[in-house]
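Chains as they are written, first to last, in the numbering used here: chain Z, 1 to 386; chain F, 1 to 386; chain X, 1 to 386; chain W, 1 to 386.
Be careful, since some hints might not be right.
[Claimed, not checked] Quick list of simulated restraints, FRET-style, between CB atoms:
(1) Asn28(F) <-> Gly323(Z): 33 to 43 Å
(2) Asp167(W) <-> Ser342(X): 27 to 37 Å
(3) Lys96(Z) <-> Asn352(X): 12 to 22 Å
[Unchecked claim] Partial pick of chain F residues on the chain Z-facing surface, computed with a CB cut under 8 Å:
(4) Asn49
(5) Ala78
(6) Asn120
(7) Val376
(8) Leu378
Don't read these hints as lab results, they were simulated from the structure.
Every residue, glycine too, gets a C-beta built ideally from N, C-alpha and C.
There are 4 protein chains.
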Amino acid sequence: MNKRKICVVITARPSYSRIKTALTAIRNHPSLELQLVVAGSALLDRYGNAVDYIENDGFKIDAKVFMVLEGENKTSMAKTTGLGVMELANTFYNLKPDAVVTIADRFETLATSIAASYQNIPLIHIQGGEVTGNIDEKVRHANTKLADIHLVASEDAKLRVIKMGEDANYVFNTGCPSIDIAYKVSKSPKLNFNPITKYGGVGHTINWQEGYVVVMQHPVTTEYHQAKENVLTTLKVIHELGIPAFWFWPNVDAGADGTSNGIRSYREIHKPENIHFFKNMIPEDFLRLLINSKCLVGNSSVGIRECAYLGVPVINIGTRQNGRARGNNVMDVSYKQDEIKSGILNRIEAKNIISNDTLYGDGNSGDKIANIIAEVELRFHKTISY
Amino acid sequence: MNKRKICVVITARPSYSRIKTALTAIRNHPSLELQLVVAGSALLDRYGNAVDYIENDGFKIDAKVFMVLEGENKTSMAKTTGLGVMELANTFYNLKPDAVVTIADRFETLATSIAASYQNIPLIHIQGGEVTGNIDEKVRHANTKLADIHLVASEDAKLRVIKMGEDANYVFNTGCPSIDIAYKVSKSPKLNFNPITKYGGVGHTINWQEGYVVVMQHPVTTEYHQAKENVLTTLKVIHELGIPAFWFWPNVDAGADGTSNGIRSYREIHKPENIHFFKNMIPEDFLRLLINSKCLVGNSSVGIRECAYLGVPVINIGTRQNGRARGNNVMDVSYKQDEIKSGILNRIEAKNIISNDTLYGDGNSGDKIANIIAEVELRFHKTISY
Amino acid sequence: MNKRKICVVITARPSYSRIKTALTAIRNHPSLELQLVVAGSALLDRYGNAVDYIENDGFKIDAKVFMVLEGENKTSMAKTTGLGVMELANTFYNLKPDAVVTIADRFETLATSIAASYQNIPLIHIQGGEVTGNIDEKVRHANTKLADIHLVASEDAKLRVIKMGEDANYVFNTGCPSIDIAYKVSKSPKLNFNPITKYGGVGHTINWQEGYVVVMQHPVTTEYHQAKENVLTTLKVIHELGIPAFWFWPNVDAGADGTSNGIRSYREIHKPENIHFFKNMIPEDFLRLLINSKCLVGNSSVGIRECAYLGVPVINIGTRQNGRARGNNVMDVSYKQDEIKSGILNRIEAKNIISNDTLYGDGNSGDKIANIIAEVELRFHKTISY
Amino acid sequence: MNKRKICVVITARPSYSRIKTALTAIRNHPSLELQLVVAGSALLDRYGNAVDYIENDGFKIDAKVFMVLEGENKTSMAKTTGLGVMELANTFYNLKPDAVVTIADRFETLATSIAASYQNIPLIHIQGGEVTGNIDEKVRHANTKLADIHLVASEDAKLRVIKMGEDANYVFNTGCPSIDIAYKVSKSPKLNFNPITKYGGVGHTINWQEGYVVVMQHPVTTEYHQAKENVLTTLKVIHELGIPAFWFWPNVDAGADGTSNGIRSYREIHKPENIHFFKNMIPEDFLRLLINSKCLVGNSSVGIRECAYLGVPVINIGTRQNGRARGNNVMDVSYKQDEIKSGILNRIEAKNIISNDTLYGDGNSGDKIANIIAEVELRFHKTISY
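Using the sequences and the accompanying hints, generate a full structural model.
As C-alpha cells, then:
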C-alpha cells in the first residue's frame with residue numbers, strides 16, 4: 001500500500017512548538033509519509049529562526065518558502081499572505097501531497113488553506129473552533145470553512161466547529177500537541193539548566209535562583225497603535241515590582257515593531273536591572289522555566305494551554321485570549337497598570353492552590369493526530385450540514 | 001458630513017451583471033461615494049471584456065488590476081487569488097475606502113476579502129449563505145467568516161449565515177440586484193432586437209424567429225476533467241433535437257479551457273446548423289432573450305434567480321446549483337444525454353404553467369443595499385455568536 | 001569530484017527546440033549534472049505544451065513553474081516576468097545549482113537572469129550579441145549585462161558582446177544548437193511522414209504532395225496593434241497565390257492574441273482551401289518539412305538560422321529579424337501585400353541557386369556548450385572591460 | 001500643449017537625496033508634470049522612512065508601493081525585485097506616464113526598468129555608466145540596456161555608456177543632482193545645529209565640538225558573510241582612535257542585517273564612549289556635518305561625489321566604490337585594521353591641502369535634467385550602435 005503523503009506547513013516558531021509531537025508521530029507512522037514545508041517567519045533570524053530548531057530536531061525539510069514582506073502596517077500582512085498563496089500553490093503542485101495540514105490561526109495560515117483547497121487537495125485544519133475576537137478569529141473560522149477535516153484541541157472547540165455547519169464525522173478532538181511536551185516535561189520538572197548561561201539573551205544578569213516570573217506579551221493586531229503603549233505598561237509594572245523576570249520577545253505580525261520598539265526603547269532608557277530578555281528557547285526548556293516560575297505574565301496562549309496542564313499561575317493581559325476556554329490558573333486583567341500589578345501579586349500567592357487541568361489534552365495528542373490522518377477519508381468535497 | 005467611501009471590486013462579467021443596480025444606487029446615494037475596482041477576468045477580452053460594458057454604462061473606474069494567470073489546471077486559480085491579494089492590498093491602501101464590498105463566491109473573491117479584512121477595513125459580503133457543494137461553497141462561507149456585514153439574497157441564506165455564528169444585527173436580506181434588472185425588463189418584455197445582427201457571434205445564422213432555446217453551461221471546478229465531456233453531451237442533445245439555439249460561452253475558471261475546447265472542437269467537426277454562439281450580451285438583452293425563449297438549458301445561476309422571477313423554464317444540468325433554493329420553473333437533471341433531452345422537452349411543454357416567484361427579490365435590491373451600507377455601523381471587529 | 005549542477009530554464013517551446021542538443025550533451029557529460037526547470041508558456045496547452053515533448057524526449061524535470069499572466073496588453077508581459085523572478089528565485093534557492101543557463105531574448109528570460117545573478121549564482125547566457133531592434137534586443141543585451149559567461153551563436157555576435165564591455169575570456173562562439181538538429185536531419189532529408197495524418201491540425205486537407213510553402217509569423221511586440229493587420233495581409237497573399245501551405249500558430253507574447261485572432265477570424269470567414277494549420281511539430285519533422293518546401297514565409301528566426309544551414313529560401317517579413325546576420329537564402333520584405341507576393345515567387349524560383357551556410361554553426365554546438373560549461377571558471381563577479 | 005508626464009520612482013532614502021533637486025526642477029518646469037512613486041525601503045521606518053522627508057519637502061506622492069521582502073539572504077533581494085516589477089507594472093498602467101525615470105543601480109531599480117520598458121514607456125536612466133564591480137554594476141548596466149535615454153553624472157560615465165552601444169544623441173552628462181545641494185550648502189557651510197539635540201540617535205553624548213569624524217559603511221552584497229566582520233573592524237579602529245565619531249546606519253540590502261547586527265552587538269558589548277549613532281539626517285544637515293568634519297570614513301558614494309565637490313577628506317574602505325572616478329580627496333584602503341587606522345590619520349592631516357573638484361557636477365544638475373527631459377525625443381525603440 002502506498003503511504004499517504006501528508007504535507008505540513010510551518011510558518012512561525014510558535015506553530016512549530018505546538019505541532020512538534022504530531023510531526024514526529026506522522027513521520028513515524030507506518031502508513032504516512034511526512035512532507036515538511038517551512039515558510040514565512042519560521043525562516044527568519046529576526047523571529048527566532050525556527051528552521052534551525054526544526055533541523056536540529058532531525059526533521060528533513062522538503063521546501064523552504066520566503067514570503068514575509070517588510071513593513072510597519074497591515075498591508076504587509078495581506079501581501080505576505082498573497083505571496084504565500086502563490087508560492088505554496090507551486091510547492092504543493094510539485095510535492096503532490098495526499099493532504100495538507102494548516103495550523104491554527106496566524107494570518108498567513110490562510111495562504112496554506114487556499115493553496116491546498118483550490119487545488120482540490122484535502123485540507124486538514126488543526127485547532128479550529130476557538131474564540132479570540134480579532135483578526136485571528138476571522139482567519140481561524142475561514143480556515144475551518146476551507147478545510148475538509150478538523151482536528152481540534154478541546155470539546156468546546158469541537159462543538160463550535162460542528163455548529164458552524166461542519167460534518168461531525170470529520171471533526172475530532174485530539175487535544176493540543178503542545179500538551180504532549182508539557183506531559184513529558186512534567187515527569188522531570190526540575191530546572192536542569194542555567195537559562196542565561198545556556199541562552200545568552202540581553203539585559204542584566206538577574207538573580208533568578210530565588211524565584212522569578214516569566215513575561216511574554218504579543219501585539220494584538222486590531223489594536224495596532226497601542227502595542228507599544230501596552231508593552232510599556234507591563235515593563236513598568238515588572239520593573240517597579242523588582243521581581244526577577246525572564247522576558248521573551250514577541251513573534252512577528254503587523255504590530256511586532258510596536259512591541260519590539262517599546263521593549264527596545266524601555267531598555268535603552270531605563271536599563272531595568274531585574275529583567276533579562278530572551279529571543280526564544282527550545283520548548284522543553286521553556287516549559288521547565290515556567291513550571292519553576294512564580295507565574296507567567298502576558299497574553300500568550302501558553303498561559304491558557306500548557307500552563308493549565310502544568311498548574312502554572314497566569315496573569316492574562318488584555319483581549320488576545322478572549323473567549324478561549326481556560327482553567328482556574330488564569331486571572332484576566334486589562335492593560336491598566338494597577339490591575340496588572342495586583343494580579344501578579346495575587347497569582348504568586350495562588351501558586352499552591354492551583355490544580356492541573358486536562359481541558360486542552362492529556363499528553364497524547366501527537367499520536368491521536370497521526371492515527372486519525374492515517375485513517376480518515378481524505379475528501380475534498382463537502383457541503384454545509386444545514 | 002463626509003460621504004462613506006465604498007469600494008466595490010468586480011472580478012468577472014457575471015458579478016457585474018449581478019451587482020449593477022446596486023452600483024448605481026451606491027453612486028447616486030447622497031451619503032455614499034463609489035470607488036470602483038475592476039480586476040481579473042473582467043478586464044480580459046477572452047472572457048467578454050466586462051470592463052467595456054462597465055465604462056459604457058457610465059461608471060468611472062478607480063483602478064484596474066490585472067491578476068489572472070494562464071493555465072489549464074487549478075494551480076493557476078490559486079495563484080490568481082494570491083496575486084489578487086497582493087495587488088488589491090495595495091489598491092485599498094491607496095484608495096483608503098471606509099468599506100469594501102466583495103461579491104458572492106468566485107475563487108478570486110477571497111482575494112478581496114483578505115486584502116480588506118487584514119487591513120482592518122470593514123468588509124461587506126454580498127450573497128453569502130447559499131449552498132452549492134463545491135469549491136464555490138468553501139469560498140463563499142470563508143468570505144462570510146472574513147466579512148463584517150452580510151447582504152444576502154434570500155431568507156434561506158439569511159438563516160444560514162446567522163446559524164454559522166454571525167451576529168443577526170449585521171445580516172440583511174436584500175434580495176439579489178439581478179432581479180432589479182429582471183423586474184425592469186419584465187415591464188417591456190418584447191424582443192426588440194435581432195440577436196445575430198446586434199451581437200455577431202459565430203456559427204450558423206439560425207432561424208430563431210419561430211422559437212429557440214438558450215444554453216449556458218459552465219465548467220464545474222471539482223469535476224475538472226469532465227468539463228469537456230459534459231459540454232459535448234449537451235451539444236449533442238441540442239444538435240440532435242434540432243431546435244434553434246443561442247449558446248453562450250462560459251466564463252473563466254480552471255475548467256474553462258475544457259468547456260471552451262469542447263465547444264470549439266464540436267463546432268469544428270460537426271458544424272451544428274441549429275446553434276449560434278455568443279460571447280456575451282448586455283444583461284437587458286440577455287433577459288429579454290430568455291423571456292422569449294422556450295427554455296434555458298445549462299447550469300447558470302441565472303436559471304435559479306432571474307428565471308424564477310421571470311417564469312422562464314429551466315433545465316438545470318448537474319451539481320453546480322445544488323442546494324440553492326429554487327422555484328417551480330427549474331427541473332434538475334444529471335449529465336446523461338437522455339435525461340437532458342427529455343428534460344428539455346418537458347420544460348418546453350411546461351412554459352405556460354410556470355408561475356413567477358420572488359424568492360430572490362422583488363426588484364428593489366439595489367436601493368436596499370445602498371441604504372443599508374449608508375446606515376449600518378461599519379465595524380471590523382467581530383466574534384462568533386456562540 | 002563533484003559534478004557541476006547546471007540548471008537550465010526553458011520558458012517556451014522555441015527555446016526548447018533551440019537548446020535541445022545542448023541539454024542532451026549536458027546530461028551526458030561526465031562532470032555535469034543537469035537540473036531542468038520548465039516554466040512559463042512551455043507548460044501551457046495553448047502554446048504547444050512543450051513540456052510534453054521534453055518529457056517524451058526523456059528529460060527529467062526538476063521543477064515546473066506556472067507564471068504566465070493572461071491579458072491582451074504589455075502589462076501582462078511585465079507581470080509575468082516579475083512573477084517569474086519571484087518563483088525562480090525560490091526554485092534556485094531550493095535546487096542550489098552551480099550555474100544557471102538563460103536562453104536568448106524572450107521577455108521572461110530576464111526573470112531567470114535576475115533570480116540567478118541576484119543570488120550570486122554564476123549566470124550563463126546563450127545566444128547574446130545579436131541585433132533585432134525591439135524589446136527582444138533590450139532584453140537580450142540586459143541579459144548579457146547580468147550574465148557572467150556568454151555562449152553566442154556567431155562570430156558577429158561574439159564581437160558585439162566583447163564590444164559591450166564583456167571580458168573576452170568568457171565569450172565563446174559555440175554556434176546555435178538548433179543547427180545540430182538541422183545537421184542530423186540534413187543527412188536523411190526525405191519527408192518520411194504525412195504531416196496531416198501525423199499532426200492533425202485544422203483547416204483543409206491540402207494537396208501538399210506537389211509542393212508547398214511553410215508559414216510562421218509571430219507578432220512583433222512593439223507594433224502590438226498591427227499584429228492582426230499584418231497577419232491578415234500574409235494570409236491574404238497565401239490565399240490568393242493558391243499554393244498549398246502549412247501554417248504554424250505563433251508562440252505567446254503580448255501580441256499573441258492579435259495574431260491568433262487574425263488567423264482565427266480569417267479562417268472563420270474565408271475558409272482558405274489551400275492552407276492547413278498546425279500548432280507545432282517535433283523539430284526533426286519540422287525541419288524535414290522545411291527542407292522539402294518551396295520556401296518559408298514569415299518572420300521566424302528559423303528562417304535566419306536553420307534555413308541558412310539547410311539552404312531553404314526564406315521570405316522574411318518585417319522588422320523582427322532586423323540586424324541578425326543572414327545568408328543568401330533570405331529575402332527581406334515589408335508588410336506590404338505586393339512585396340510579400342513577389343518575394344515568395346522570387347524565392348520559389350531561387351531555390352536551386354541557394355548555397356548552404358554555416359554562419360550559425362556546423363552541427364556540433366551542443367557538445368561545445370557542454371564542454372565549455374564543464375571547464376570554464378564559474379565566476380559571478382565581473383566588471384566592465386573599459 | 002500637453003505637459004509631459006514624467007514618473008519618477010524612488011525606492012530608497014539615498015536615491016531621494018541624490019535626485020531631489022531634479023524632482024523640484026521637473027515639478028516646476030512649465031512643460032513637465034511630475035508623477036512621484038515612492039516604493040520599497042523608502043516607505044519603511046527601519047530604513048529611515050524617506051517617505052516622510054519627501055512629504056515634508058512638499059512633494060505630492062501619486063502612489064506608494066510596498067514590495068520589500070524580509071530575509072537575511074539574497075533570495076529576498078531577488079523576490080523584492082520581482083514583486084516590484086508586478087506592482088510597478090500596474091502602477092504605470094494606471095498612471096500612464098510619457099516617460100519613467102529609474103535611478104542609478106540599487107537592485108530594485110531593475111524592477112522600474114522592466115515595468116516601464118516592457119510596456120513601451122520611454123525609460124530614462126539616471127547615473128548609468130559608472131563602474132563598481134559587484135551586483136550594483138550588473139544592475140546599472142542592465143538598466144542602461146533597457147533605457148532609451150541616459151542622463152549620466154560625469155564625462156567618464158558618458159563615454160562608457162556610448163561605448164556600450166548606446167546612441168550618443170541620447171546620452172547626456174548632467175552631473176549629479178546631489179552636487180546641487182552641496183553647492184547650496186557650500187555657500188553657508190557653518191554647522192548651524194547641534195546634531196544630537198536635533199536628531200537624537202543612540203549611544204554616548206560625544207564631545208564633538210572639538211572635532212569629529214563621520215562614518216558610513218554599507219554592506220557589500222557579493223561579500224555577504226563578511227559584512228559583519230568588516231563593520232566590526234571599522235568599529236574597533238574608531239573606538240581605539242578615540243576620536244569623537246558620528247556613525248550612520250546602513251541602508252537596506254541583503255547584508256543589511258549583517259552590518260546592523262555587527263553594530264548592535266559591538267554597542268551592546270563595548271559601549272564605545274566616543275561614538276554616537278544616527279539613522280539619518282536631512283541632506284543639508286548631513287553635508288554641513290561633513291564639511292565641518294575631520295574626514296569621512298566608510299564606503300559611501302557621498303565620499304566620491306559630494307566630498308569631492310566640498311573638499312572633504314575620505315577614507316574609502318574596500319571594493320564598493322571601485323572603478324568610480326574620484327578626486328584627490330579620497331584615499332582607498334582595504335578592510336585591514338591598520339590600513340584603516342593609518343588612512344584616517346593621513347586624511348585628517350590632509351584636510352587643508354585638498355582642493356575642490358567638479359568632476360561630478362557644478363551645482364546645476366537638477367535644472368539640466370529637467371530641461372533635457374522636456375526637450376528630448378521620448379522614443380522607446382532603439383538598437384545597438386554597432
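Against chain Z, with CB atoms and a cut of 8 Å, does the hint on Asn120(F) hold up? Holds, because the Cβ-Cβ distance from Asn120(F) to chain Z comes to roughly 6 Å (cut-off 8 Å).
May I ask you to test the hint 33 to 43 Å on the CB atoms belonging to Asn28(F) and Gly323(Z)? holds (41 Å)
Is it true that the C-beta distance of Asp167(W) to Ser342(X) lies inside 27 to 37 Å, as the hint says? With a Cβ separation near 34 Å, Asp167(W) and Ser342(X) satisfy 27 to 37 Å, so the hint holds.
Hint validation: Asn49(F) versus chain Z, beta carbon distance must be below 8 Å. Holds or violated? violated (25 Å)
Does the CB of Val376(F) sit less than 8 Å away from some CB of chain Z? Since the shortest Cβ distance to chain Z is 18 Å, the answer is violated.
Go through the hint on Leu378(F) and say holds or violated, using the shortest Cβ distance to chain Z against 8 Å. violated (14 Å)
Report holds or violated for the interface hint on Ala78(F), using the least CB-CB distance to chain Z and a cut-off of 8 Å. holds (4 Å)
Against the range 12 to 22 Å, how does the distance between the Cβ atoms of Lys96(Z) and Asn352(X) compare: consistent or not? violated (55 Å)
Taken one by one, the earlier hints fail for this structure at numbers 3, 4, 7, 8, listed in ascending order.
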